[in-house]
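Peer 1: Residues 29 to 97, numbered by our numbering, are exactly what the sequence shown covers, in order.
Treat the hints loosely; a few may be bogus.
Unchecked claim - Derived DEER-like restraints, expressed as beta-carbon distance ranges:
id, residue 1, residue 2, range
1, Glu-42, Ser-68, 29 to 39 Å
2, Thr-69, Pro-43, 30 to 40 Å
3, Pro-43, Ser-65, 35 to 45 Å
4, Gly-64, Gln-44, 32 to 42 Å
5, Leu-73, Thr-41, 28 to 38 Å
6, Glu-42, Ser-65, 16 to 26 Å
7, Gln-53, Arg-77, 17 to 27 Å
8, Gly-32, Lys-58, 16 to 26 Å
The hints are simulated quantities; they were obtained by calculation from the structure and are not laboratory data.
We treat Cβ as the ideally placed atom computed from N, Cα and C, and that holds for glycine.
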Amino acid sequence: MAGGIERGVGMLTEPQDAWQQAQLQREFTKVLAQAGSRESTVLRLPDVRSLLDTQLAGDRPGRTFAPAC
Numbered sequence: 029m030a031g032g033i034e035r036g037v038g039m040l041t042e043p044q045d046a047w048q049q050a051q052l053q054r055e056f057t058k059v060l061a062q063a064g065s066r067e068s069t070v071l072r073l074p075d076v077r078s079l080l081d082t083q084l085a086g087d088r089p090g091r092t093f094a095p096a097c
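Turn these sequences into a full structure, and let the hints steer you where they fit.
Peer 2: Take a look at the structure:
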């Protein structure tokens, strides 16, 4: 699962947005740890979407604005 998605994200991610790849890897690590003996289960696209929606809920990256002094 993770290999193909990671490759796809790598091809779509700009170098300055490399943090997105690192975040994706962290999320996959969490998912695999929770999966336990089910880690070899084949997931379809709707499964991956649902899984990531759950994993990323409330954990959205944001930008902060620091005004110049």
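Peer 1: Please write out, lowest number first, the hints stated earlier that are contradicted by the structure.
Peer 2: 5, 6
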